[in-house]
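Asker: Sequence:
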Amino acid sequence: MKLDRLVRVMSVAEKIRKEPGITYNELAQEFDVSVRTVRRDVSVLEQAGLPVQNYHGLRFMSDVELPKVQFEPDEVILLLLMVNFISRYEIDNQIPNSLYEKLKQYLPEKMMDKYQHIQKSVLIHPHDNEQDGRNIVRRFKDIIECKNRVKIYYQSHSSKQENWRMVDPYGVFFKKRAWYMVGYCHRHLDIRIFKCNRIKKIKSLPDMYDIPNDFDLEEFLSDSFELMKGEPTKIKIKFTQEVASLIEETVFYKKEKKFRNNGDIIYELEVANWREVFSWVLSFGRKAEILEPGWMREKMINELELMKVMYD
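If you're matching positions, the sequence shown starts at 1 in the numbering used here and goes up one per residue.
Source of the hints: derived by calculation from the structure; they are not laboratory data. Since this is a predicted model, take the numbers as computed values, not measurements. Mixed in with the good hints, there may be bad ones.
Stated by the list, open to error - No more than 25 Å apart at the CA atoms, straight line, and that leaves these computed lysine-lysine pairs for BS3-like: (1) Lys-147 to Lys-102; (2) Lys-160 to Lys-15; (3) Lys-257 to Lys-175; (4) Lys-147 to Lys-104; (5) Lys-18 to Lys-147; (6) Lys-102 to Lys-160; (7) Lys-201 to Lys-175; (8) Lys-234 to Lys-201.
What the hints assert, rightly or not - Simulated restraints, written as ranges between beta carbons of each label pair: (9) Tyr-100 to Glu-298: 49 to 59 Å; (10) Ser-204 to Thr-240: 30 to 40 Å; (11) Ser-156 to Leu-78: 21 to 31 Å.
The C-beta atom is built at its ideal place from N, Cα and C for all residues, glycine as well.
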């Protein structure tokens, strides 16, 4: 269960315990979610052994006391740093901010100085400045929970054309300074990746859909070097001694292989789209050479010849 939902489910349980008789609608308004989402949260509580009855509002069928959690100060500092990091990516800061305030209660005042010192010394910046993309993602989070099919008015990166597409959203993720949505596109009859700031309009449809049981967002993205999908391509690259240490110490791709060869690095990988690797190799200039496949090597030669003409 994702962090934001886990926090909300626990908060729903605490709300029902403190205010027996509270309604689904009141909880939906309190947590800014749909009534259907609250019903799912209550179902999670019941599956966890906390039976809820709906008689003149919601109440637990017996006295419920949520377990107390004890933290060591250093554990709280680590959790606070994690919440601070999550808040930089989180599209709705209400939950991280609430969690932050609750965690601070476990930390002695003198330890807050230690946390603030560490927090100022550790910076992980997501480079997320796309407010339009964030607003779209907010809607997709609710749509994915409710599983409503959508129509999106989308601008294609390759053709620059804008058109309506019917999509079953499977998930959202942040990568390369932007938010993306993964979903089944009924136009292409395939799972596609959509950049959120290229979605100009979105309409929720009454039709429902199911995410396939065998779909895993992390696994779906694992064979892409960055984002693009396509036919698998095996690629071999030689990096010179000048950048060998950088290549050796950095993980660029989960399924990469690399080994030393007379001071150089031979780098092998199999990816779902060769174009991203092509651009990446090009960024190293004369310090990287494509060895295989031959056709990709020829494309690099042609690209370099065109660049030479441009600079002549």
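Asker: Does each hint hold? Answer for all of them.
Answerer: Evaluation of the provided hints:
no., hint, verdict
1, Lys-147 to Lys-102, "violated (31 Å)"
2, Lys-160 to Lys-15, "violated (49 Å)"
3, Lys-257 to Lys-175, "holds (23 Å)"
4, Lys-147 to Lys-104, "violated (36 Å)"
5, Lys-18 to Lys-147, "violated (31 Å)"
6, Lys-102 to Lys-160, "violated (47 Å)"
7, Lys-201 to Lys-175, "holds (22 Å)"
8, Lys-234 to Lys-201, "violated (38 Å)"
9, Tyr-100 to Glu-298: 49 to 59 Å, "holds (55 Å)"
10, Ser-204 to Thr-240: 30 to 40 Å, "violated (53 Å)"
11, Ser-156 to Leu-78: 21 to 31 Å, "violated (43 Å)"
When the structure is compared with the earlier hints, violations turn up for hints 1, 2, 4, 5, 6, 8, 10 and 11 and for no others.
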